[in-house]
Amino acid sequence: MGTDAGEDAGRWEQTTGDPGPSPTPREGSRLAVGVVSAGRVGAVLGAALAQAGHQVVAASAVSRASRARAEELLPGAAILPPDEVVRRADLALLAVPDDVLPGLVRGLAASDCLRPGQIVVHTCGAAGVGVLAPAAEHDVLPIALHPAMTITGRREDVARLTGACIGVTGPEQTSEDTDAAWLVGEALVVEMGAEPVRIPEAVRPLYHAALAHGANHLVTLVREAADLLSGAGIEPAERVLAPLLSAALDNALRHGDRALTGPVVRGDAGTVAMHVRHLDDRAPDAAPLYRALARRTAERARAGGLVDPVAAADVVAALERPLP
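Note that the numbering used here has the sequence shown beginning at 1, numbered continuously upward.
Incorrect hints may appear among the rest.
As the list claims (entries may be wrong) - Ranges between beta-carbon positions, derived for each pair:
1. Leu289 - Glu137: 42 to 52 angstroms
2. Ala202 - Val222: 31 to 41 angstroms
3. Ala209 - Gly233: 36 to 46 angstroms
4. Arg296 - Pro236: 23 to 33 angstroms
The hints are simulated quantities; they were obtained by calculation from the structure and are not laboratory data.
C-beta atoms are modelled at their ideal positions from N, C-alpha and C, and glycine is treated no differently.
Whenever a hint applies, use it, and build me the whole structure from the sequences.
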């Protein structure tokens with residue numbers, strides 16, 4: 001395809017083969033979108049595509065929450081079984097849990113609802129387009145899109161896509177069609193207001209692990225710190241933590257390991273040992289996490305030349321053998 005990425009998303013059209021039932025008519029080159037299913041991610045991305053000018057013609061929604069979400073974010077979309085949703089779509093958006101996706105794709109491939117020229121997108125973070133292989137046998141355009149943001153399923157998430165990144169993966173083989181998949185994926189991301197980032201198939205699991213490690217474990221760490229303060233009678237814990245943690249996150253993103261402060265990077269083994277002793281005594285569930293993170297902090301600080309190797313070793317020793 002000799003057009004740029006923005007044109008590709010709008011101009012990708014059905015090619016050969018029996019077209020089956022015609023999708024809902026759309027103005028110009030806009031796409032008829034089918035969402036499987038109207039969970040938090042599917043409903044928000046469907047709404048973003050609709051905001052970009054595409055038409056969400058159908059969605060699958062089983063639970064009361066997903067039906068309410070579809071009614072709010074995908075008004076006018078017919079609520080249908082997954083195969084019927086895909087049959088009506090130019091762009092089938094498969095927004096289901098990771099473990100559900102392979103079986104769904106196999107079922108769709110066997111149900112005669114796919115046709116050449118369709119765009120089939122999934123939103124799972126750890127999987128590339130290999131999981132779409134059964135669908136790709138029907139000459140669809142397979143794409144993996146994963147938003148690198150927390151999605152709650154509310155309307156404000158559509159606006160929050162602006163400035164967010166979305167990981168894009170297409171087929172690895174080099175050909176005109178595979179190049180088109182990457183370009184169409186990037187164009188869809190731009191239309192939704194986000195920034196496309198190419199993620200090769202082989203590193204999708206590591207990419208997803210990095211995001212989960214950073215986002216989910218950050219929440220765990222913040223709540224652990226808040227619970228320690230609350231357990232010591234220091235309230236409101238969130239008010240105490242907010243300026244410190246906001247500055248720490250900003251500095252970490254701007255300055256990397258040079259943003260490290262505190263007893264570990266100072267090589268203050270005595271303070272670290274005191275921390276561990278009190279955690280063991282008063283918050284034993286939190287102590288292993290403190291030890292693990294302090295040890296990794298010492299390793300990063302030593303590797304970055306931020307702490308003397310001998311002092312770093314003393315800190316690690318204190319984590320294992322706290323002072324009496």
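Against the structure, the hints come out as follows:
Between Leu289 and Glu137 the beta carbon distance is about 46 angstroms. The supplied range of 42 to 52 angstroms therefore holds. For the pair Ala202 and Val222, the beta carbons lie near 32 angstroms from each other, so the given range of 31 to 41 angstroms is met. Take Ala209 and Gly233: their Cβ atoms lie about 37 angstroms apart, and the range 36 to 46 angstroms holds. The hinted window of 23 to 33 angstroms between Arg296 and Pro236 holds, with their beta carbons roughly 29 angstroms apart.
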